[in-house]
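K.L.:
The chain contents come next:
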Amino acid sequence: MSSLLEPEPIEVMEHSNSDPDKISAILTDEEKLEIDEEAKHYEGKSSVGLEALRIVQKHRGWISDNSIHAIANYLKIPVTQLESVATYFQLIFRQPVGKEVIYLCKSASCWVMGCDQLQKHICQSLEIKPGETSKDGIFTLLEMPCLGDCDKAPVLMLGEEMYRNLDEDTIDTLIDKKKQLHADKSTD
Amino acid sequence: MLTNPLTKNITGKNIAADIASYLANDGYAGWRKALTMEPNNIVTLVKDGGLRGRGGAGFNTGLKWSFVPHGEDAPKQKFIVCNADEMEPGTFKDRLLMERDPHLLLEGMAIAAYAIGASIGYIFIRGEYHLAAERLELAINEAKSQGLLGNNILDSGFSLDIFIHRSAGNYICGEETALLNALEGRRAIPRAKPPFPQVSGLWGKPTVVNNVETFCNIPHLVALGVDWYRGLGLEQDAGSKIFGVSGKVKNPGTWELPMGTPIREIIEQHAGGMRDGLRLKGFLPGGGSTDFLGPDHLDLPMDYDVIGKAGSRMGTGTIIVLDDKTCPVGLVLNLSQFFARESCGWCTPCRDGLPWIVKVLQRIEDGEGLPEDLDLLREQCQRIGPGKTFCALAPGAAEPLQSALKLFEQDFIDHITNRCCPYK
Numbered sequence: 000m001s002s003l004l005e006p007e008p009i010e011v012m013e014h015s016n017s018d019p020d021k022i023s024a025i026l027t028d029e030e031k032l033e034i035d036e037e038a039k040h041y042e043g044k045s046s047v048g049l050e051a052l053r054i055v056q057k058h059r060g061w062i063s064d065n066s067i068h069a070i071a072n073y074l075k076i077p078v079t080q081l082e083s084v085a086t087y088f089q090l091i092f093r094q095p096v097g098k099e100v101i102y103l104c105k106s107a108s109c110w111v112m113g114c115d116q117l118q119k120h121i122c123q124s125l126e127i128k129p130g131e132t133s134k135d136g137i138f139t140l141l142e143m144p145c146l147g148d149c150d151k152a153p154v155l156m157l158g159e160e161m162y163r164n165l166d167e168d169t170i171d172t173l174i175d176k177k178k179q180l181h182a183d184k185s186t187d
Numbered sequence: 000m001l002t003n004p005l006t007k008n009i010t011g012k013n014i015a016a017d018i019a020s021y022l023a024n025d026g027y028a029g030w031r032k033a034l035t036m037e038p039n040n041i042v043t044l045v046k047d048g049g050l051r052g053r054g055g056a057g058f059n060t061g062l063k064w065s066f067v068p069h070g071e072d073a074p075k076q077k078f079i080v081c082n083a084d085e086m087e088p089g090t091f092k093d094r095l096l097m098e099r100d101p102h103l104l105l106e107g108m109a110i111a112a113y114a115i116g117a118s119i120g121y122i123f124i125r126g127e128y129h130l131a132a133e134r135l136e137l138a139i140n141e142a143k144s145q146g147l148l149g150n151n152i153l154d155s156g157f158s159l160d161i162f163i164h165r166s167a168g169n170y171i172c173g174e175e176t177a178l179l180n181a182l183e184g185r186r187a188i189p190r191a192k193p194p195f196p197q198v199s200g201l202w203g204k205p206t207v208v209n210n211v212e213t214f215c216n217i218p219h220l221v222a223l224g225v226d227w228y229r230g231l232g233l234e235q236d237a238g239s240k241i242f243g244v245s246g247k248v249k250n251p252g253t254w255e256l257p258m259g260t261p262i263r264e265i266i267e268q269h270a271g272g273m274r275d276g277l278r279l280k281g282f283l284p285g286g287g288s289t290d291f292l293g294p295d296h297l298d299l300p301m302d303y304d305v306i307g308k309a310g311s312r313m314g315t316g317t318i319i320v321l322d323d324k325t326c327p328v329g330l331v332l333n334l335s336q337f338f339a340r341e342s343c344g345w346c347t348p349c350r351d352g353l354p355w356i357v358k359v360l361q362r363i364e365d366g367e368g369l370p371e372d373l374d375l376l377r378e379q380c381q382r383i384g385p386g387k388t389f390c391a392l393a394p395g396a397a398e399p400l401q402s403a404l405k406l407f408e409q410d411f412i413d414h415i416t417n418r419c420c421p422y423k
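Line by line, the protein sequences give chains G and V.
Position one of the first sequence corresponds to residue 0 (numbering that gives the first Met the number 0), numbered consecutively onward.
Position one of the second sequence corresponds to residue 0 (numbering that gives the first Met the number 0), numbered consecutively onward.
So here's chain G without its partners, still in its complex pose (with noise of 0.2 Å):
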């Protein structure tokens, strides 16, 4: 049972963004930080799991097993617990994601406004599918339930960003405009 619930650390080895292999199993003192800050809202540390999926996601752009490994150790709940959490919720993501994440809302008030053409778009200028990522590695376009925003549909989130009244034109500028802030990051 013991292994169950103190899974054996693996080594500690600097993190990238899309490798599982190179994730650590081990939290950093920031991660545990802000996780203990959250947790003294609740009673035990077990409720506060989402929040930590939350907010190892931040620092590590997804949750590998490594992280969910991390997490169960230092919450002391079962990985399998953690796991049905994890897995159950649209937002935490379960494989790695591009740099920026499109969340295009697929609900009725967006579909009546025309949605479905601009996913099409999408699809076409970034050449993936929904759930995908695409080759260069910068865009993941996900579906979501209704954003909430249906006067000004249709709508999408970028990062924590909103963008309305889309078209066509407006998503194409907004894609330049992303594409070009990464091309530019990456030549500093």
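Any given hint could be a false lead.
[What the hints assert, rightly or not] The calculated label-pair distances, taken between Cβ atoms and stated as ranges, are:
1. G/N164 x V/A19: 27 to 37 Å
2. G/G130 x V/K143: 37 to 47 Å
3. G/A182 x V/K358: 38 to 48 Å
4. V/P421 x G/E159: 19 to 29 Å
5. V/Q361 x G/E126: 21 to 31 Å
6. G/E159 x V/E367: 38 to 48 Å
[Said to hold, decoys possible] No more than 30 Å apart at the CA atoms, straight line, and that leaves these computed lysine-lysine pairs for BS3-like:
7. G/K151 x V/K204
8. V/K7 x V/K143
9. V/K7 x G/K151
10. V/K423 x G/K128
11. V/K12 x G/K151
12. V/K204 x V/K280
13. V/K423 x G/K75
14. G/K57 x V/K32
15. V/K204 x G/K39
16. G/K44 x V/K204
17. G/K75 x G/K128
18. V/K192 x G/K44
19. G/K176 x V/K12
20. V/K204 x V/K387
21. G/K119 x V/K358
22. G/K39 x V/K143
23. G/K44 x V/K143
24. V/K12 x G/K177
25. G/K75 x V/K204
26. G/K57 x G/K128
27. V/K423 x G/K151
28. V/K75 x G/K39
29. G/K151 x V/K192
30. G/K184 x G/K134
31. G/K128 x G/K184
32. V/K192 x V/K75
33. G/K128 x V/K358
34. G/K128 x G/K176
35. V/K324 x G/K119
36. G/K44 x V/K75
It should be emphasised that the hints constitute simulated quantities derived from the structure, not laboratory data.
Every residue gets a Cβ at the ideal spot worked out from N, C-alpha and C, and that includes glycine.
Given chain G, put chain V in place with the hints provided.
P.N.:
Okay, now just chain V, sitting in the frame of chain G:
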């Protein structure tokens, strides 16, 4: 006389009312008054005010509170929880309230907490609402710094901490028992009822879960009284409400209007009517899980029981308009895909029934439908209806479908006989 208690602090600018401007406009007057009252009297006041849950179910809020056990034998720890998991398709009212006037929500929660004897509150907010969560966080700190939240509030001896829980998706978290499981760090799967959360909720303790807009009604109801509040409504139901319209109208948006405002006034005056060249074919009166109504229903008032008698639900009061150039089968397919994807997978009718419905609707939309498909869909609506499933998700999914099959039957038949979607 105040007629817009929910939006009086909301201006054209996208900023939140801060504590100074909130206080300057009689903010926390309801909270100050509540602290001088017997908690039981607040419950009675809210019950008599006739406030009904604005999350969609329309249950009397005071009555809901009254089920919380009190007295010496009652558990000492109780919780107040705000359902800010706004994810009903076509619903965009709670975002507005939280982003623009976060103190109104906090004040409503504080009064509710005092009334039921809760010392901890959680705002369960969907993970996508970043701005709302940030502004609420700021507002909580402001209220604490003024002694309006925290320990020994305004020297009353009553203490309340409110925390924000950022969720991470999933429509089912809007179901209150699923929400409580999520708050406890579990999978958000609905619980069996009874026991109801008021008796055994969060960590088994008495808990009241109310919607954002419901809480926002409380401060003025307490401050200005039952007669004022009941007088706001035009028909049977009391108070005002944030109504909204989305779809191909000239001026989509949200407006605070009296309960009982006629649907025609909302769509034609406030939303500016249909865009040029389009006719209203039907509408969902209160989000994706309500039955379609048609042009014949435009003169009905937005009152819970009236819309109920017309065969639908007022739900969240945010109307999705369907125009005559948009395919009703396509819209119902889109809604069914949403419900199928959001099913938690716990009970069979929902987990298996919804994807089946999607499959049948998809083949009709693709021009491959069979004549017997309509009866099959009608049968499916029965099988996922009320009483057949663990929670209200699947019955909610049946509502737009069963009503579309009646109102837009000819469209379904045309898809099947023409072997294509006539709208494409």
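K.L.:
Please go over all the hints and tell whether each is borne out by the structure.
P.N.:
Going through the hints against the structure:
1. G/N164 x V/A19: 27 to 37 Å: 33 Å, holds
2. G/G130 x V/K143: 37 to 47 Å: Taking Cβ atoms as reference, G/G130 and V/K143 lie about 42 Å apart, which means the hint holds.
3. G/A182 x V/K358: 38 to 48 Å: Once the Cβ atoms are compared, 43 Å apart, the range 38 to 48 Å for V/K358 and G/A182 holds.
4. V/P421 x G/E159: 19 to 29 Å: 41 Å, violated
5. V/Q361 x G/E126: 21 to 31 Å: Holds, at about 25 Å.
6. G/E159 x V/E367: 38 to 48 Å: 41 Å, holds
7. G/K151 x V/K204: 41 Å, violated
8. V/K7 x V/K143: 23 Å, holds
9. V/K7 x G/K151: 22 Å, holds
10. V/K423 x G/K128: 23 Å, holds
11. V/K12 x G/K151: 16 Å, holds
12. V/K204 x V/K280: Between V/K204 and V/K280 the Cα gap is close to 47 Å, so the pair fails against 30 Å, i.e. violated.
13. V/K423 x G/K75: 56 Å, violated
14. G/K57 x V/K32: 42 Å, violated
15. V/K204 x G/K39: 18 Å, holds
16. G/K44 x V/K204: This hinted pair holds, its Cα atoms lying about 18 Å apart.
17. G/K75 x G/K128: 38 Å, violated
18. V/K192 x G/K44: 27 Å, holds
19. G/K176 x V/K12: At roughly 26 Å apart (the allowed maximum being 30 Å), V/K12 and G/K176 satisfy the hint.
20. V/K204 x V/K387: 28 Å, holds
21. G/K119 x V/K358: Distance ~21 Å between G/K119 and V/K358 Cα, so the pair holds.
22. G/K39 x V/K143: Between G/K39 and V/K143 the Cα gap is close to 17 Å, so the pair holds against 30 Å.
23. G/K44 x V/K143: This hinted pair holds, its Cα atoms lying about 25 Å apart.
24. V/K12 x G/K177: 27 Å, holds
25. G/K75 x V/K204: 24 Å, holds
26. G/K57 x G/K128: 24 Å, holds
27. V/K423 x G/K151: Holds, because 24 Å separates the two Cα atoms, which is no more than 30 Å.
28. V/K75 x G/K39: 19 Å, holds
29. G/K151 x V/K192: With a Cα-Cα distance of about 38 Å, the restraint between G/K151 and V/K192 is violated, given a limit of 30 Å.
30. G/K184 x G/K134: Holds, at about 17 Å.
31. G/K128 x G/K184: 26 Å, holds
32. V/K192 x V/K75: 22 Å, holds
33. G/K128 x V/K358: 20 Å, holds
34. G/K128 x G/K176: Satisfied, since the Cα-Cα distance of roughly 21 Å is no more than 30 Å.
35. V/K324 x G/K119: Roughly 20 Å separates the two Cα atoms, so the pair holds.
36. G/K44 x V/K75: 21 Å, holds
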